[in-house]
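Student: Taken in sequence, the protein lines are chains A, B, C and D.
Going by the numbering used here, the final residue of the first sequence carries number 248, and the count climbs one at a time with no gaps.
Going by the numbering used here, the final residue of the second sequence carries number 248, and the count climbs one at a time with no gaps.
Going by the numbering used here, the final residue of the third sequence carries number 248, and the count climbs one at a time with no gaps.
Going by the numbering used here, the final residue of the fourth sequence carries number 248, and the count climbs one at a time with no gaps.
Derived from the structure by calculation, the hints contain no laboratory data.
Backbone N, C-alpha and C fix where the C-beta goes; we use that ideal spot for every residue, glycine too.
Treat the hints with care, since some could be wrong.
Unchecked claim - Covered by chain C, according to a simulated footprint, are these stretches of chain B (three or more residues, beta-carbon under 8 Å):
| hint | segment |
| --- | --- |
| 1 | 62-74 |
| 2 | 215-227 |
Unchecked claim - To be clear about the criterion: a stretch of chain C counts as covered by chain D if any three or more of its residues have a C-beta under 8 Å from a C-beta of chain D, and this derived list gives those stretches:
| hint | segment |
| --- | --- |
| 3 | 200-214 |
| 4 | 221-232 |
As the list claims (entries may be wrong) - Taking lysine-lysine pairs in the DSS-like style, the calculated list, with each CA pair at most 30 Å apart, reads:
| hint | chain 1 | residue 1 | chain 2 | residue 2 |
| --- | --- | --- | --- | --- |
| 5 | C | K79 | D | K79 |
| 6 | D | K122 | D | K56 |
| 7 | B | K122 | A | K56 |
| 8 | A | K181 | B | K56 |
| 9 | C | K181 | D | K122 |
| 10 | C | K56 | B | K79 |
| 11 | B | K122 | A | K121 |
| 12 | C | K90 | D | K79 |
Number of protein chains: 4
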Amino acid sequence: MEKNRLEAFSDGVIAIIITIMVLEMKVSEGINWDTFKMVIPKFISYIISFLFVAIYWVNHHHLLFTIKKVNPSIMWANMNLLFWLSLIPFATAWMGENHFEKITVAVYALLALFCGFSYNILQAAICKTYDEETAKRLMTKQSNRKSIMSIVLYSVSIPIALFIHPFISGFLFVAVSIMWLIPDKNIEKALSVDG
Amino acid sequence: MEKNRLEAFSDGVIAIIITIMVLEMKVSEGINWDTFKMVIPKFISYIISFLFVAIYWVNHHHLLFTIKKVNPSIMWANMNLLFWLSLIPFATAWMGENHFEKITVAVYALLALFCGFSYNILQAAICKTYDEETAKRLMTKQSNRKSIMSIVLYSVSIPIALFIHPFISGFLFVAVSIMWLIPDKNIEKALSVDG
Amino acid sequence: MEKNRLEAFSDGVIAIIITIMVLEMKVSEGINWDTFKMVIPKFISYIISFLFVAIYWVNHHHLLFTIKKVNPSIMWANMNLLFWLSLIPFATAWMGENHFEKITVAVYALLALFCGFSYNILQAAICKTYDEETAKRLMTKQSNRKSIMSIVLYSVSIPIALFIHPFISGFLFVAVSIMWLIPDKNIEKALSVDG
Amino acid sequence: MEKNRLEAFSDGVIAIIITIMVLEMKVSEGINWDTFKMVIPKFISYIISFLFVAIYWVNHHHLLFTIKKVNPSIMWANMNLLFWLSLIPFATAWMGENHFEKITVAVYALLALFCGFSYNILQAAICKTYDEETAKRLMTKQSNRKSIMSIVLYSVSIPIALFIHPFISGFLFVAVSIMWLIPDKNIEKALSVDG
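This is chain A alone, in the form it adopts within the complex (with noise of 0.2 Å):
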């Protein structure tokens, strides 16, 4: 029942995110190519969020399936992750006005960052509404491989964006939306085990 509320609530929260970030693909009067080319860098940054956002709805719907009460540390780690996904739209658009110019590109990066250590927050604090055996396997190898190598790739794309090229952190952002793509079955695995 409480379960149920707080889905909703982060279900409503996603669904928005995801949405208004198109409000901010405003096209100027006048259709000539030059007006256009101004939307090309807003789409790509849109696609890239919208893929971003899409993935952690993904994965927090997996997540929340495994609780069976929520708490209010759970709670207060749901939020703060709502919180920083909220930014998503702040920084897609800044980065799309800017033509991916390499401090907008980091600071995405750094909120991308952010995004994946309250995630990690939230699992933690549902881990521990369990038995050891249980967190044992919902942290499992797979799933906490993809942690590290998402933390490590939006890492190393801060200085890349900012002493290479910011495109190249572009293209780490969709390598690791596409690892994230193939979706973690483990979470359920482990507890289909259990109960």
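With chain A fixed as given, assemble chains B, C and D onto it according to the hints.
Tutor: Chains B, C and D alone, transformed into the frame defined by chain A:
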């Protein structure tokens, strides 16, 4: 359970898409005839898109009603559909602001085509979870005919917009919508025989 | 089940309508009395529309509480109501920005009338699914009187706004809202006798 | 059943309120230090308001958890709370855009006070549906103390913003939020004894 959350998320996203379009219908201050005239094309493109998204919601509703379990391919096929639908407010605003200029109408038709293909992909992903006979009944003649008609009409409306007149394409959009307003009951019939 | 999703979608759309109106209450930078004075008419029109939409939500809530099954005509009558409600933020912003100019107030009253008619159409579509006696009890004297009163008051507020003074129409809007604030219990009573 | 829909609507509205605030954090094009500096006060006011609304959601969640039936006075007390909360994005944007100018901070504090009173009205409306003893347990010392503290702190922050320094009021806002971050378990305890 899992299905509920997929529905809830899709409902949230579609509800936001259908509602934020109205935000584009801004009026400049002043209330003479000239400022009012500026709103008319925006209003017409809003009506077209409201109908378009509403029909998708209703059909989506019918389609998801038939599934029992969500698997990753259904989840991502659904995300893909939501992505293309989320671009509708952008295309609507662009078309309305530029008074149904031919290129904007062609882009709108192209986007409608992508939405149609994405819906078919979702349908195919759902059909895979059924045995062959139920799947065959699901893909009934009537709904197939409608899908093919939509794709044909949206396809021809692209060259019509570019080379003949964008208003004819606009009428084709409305024609497709009217065709879909008659809801497809075959999905339910097909399943009621089965279960 | 089906009904739940119709409710959820309607709730989503109405929640967005009621909330995005506040986005129109933008302030220009600077905080002298002149900039503040600009917000007052927008704030008043926001209050009027918040009340208006809130009353629709409550009545919609009561009305859908009574149905057991959703059919296509209920679904599309509901979509029609949501369409007209979705134009409220536009009419609110227009009225507020132009300081209750007579034409904007008349358009608002006209829109309120369309919302009222759409609600009646939805009510009629729902009544058709009941046997004659229950339907008769549903359309009680009290709620009928309120509906007729609303339509009369909104109708007269159009010429009043145009030819006498828009502020009188504004007071009529508030009067209609206060009339509806007393919730209609007859729908539930009618059904509690039945089931 | 009825209660579910009230929760769902409130969740929707609060989810939108908390998310649309980020839309105000627009950046002008250009990425020098000056444009970045403009975002900082908006970001701080966003954090303050995110926390504020999140705390309301959590407490609202706890409060509605206790009710069994929704009556008109609960419904309208809830609408009243949502109305004042819906003004938070406006007050946040105004405060952020004007760099915590004293009048904007005082208005924010006043709005926070109205939200607090509205919450108390909702609580009172819910308490009326219980017998005297349960109601007494619901209004526990701890939650009462927090409510009184909030009202006192928001009240004093109005003259402080106007006559001493708006930043002290800002710190008081954060202090109130931190006080509420420790969730109120008394409501559940009070009821678990009863039922």
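Student: If a hint holds in the structure, say so; if it doesn't, say that too.
Tutor: A quick look at each hint next to the structure:
1. 62-74: Per the Cβ count (8), the hint holds.
2. 215-227: violated (count 0)
3. 200-214: violated (count 0)
4. 221-232: violated (count 0)
5. C:K79 with D:K79: Holds, at about 13 Å.
6. D:K122 with D:K56: holds (6 Å)
7. B:K122 with A:K56: Between K122 (chain B) and K56 (chain A) the Cα gap is close to 20 Å, so the pair holds against 30 Å.
8. A:K181 with B:K56: Given that 30 Å is the threshold and the Cα spacing comes to 27 Å, the pair holds.
9. C:K181 with D:K122: With Cα atoms ~29 Å apart, K181 (chain C) and K122 (chain D) stay inside 30 Å; holds.
10. C:K56 with B:K79: Given pair K56 (chain C), K79 (chain B) is violated - Cα atoms ~34 Å apart, limit 30 Å.
11. B:K122 with A:K121: holds (20 Å)
12. C:K90 with D:K79: holds (24 Å)
Hints 2, 3, 4 and 10, counting from the list given before, are not met by this structure.
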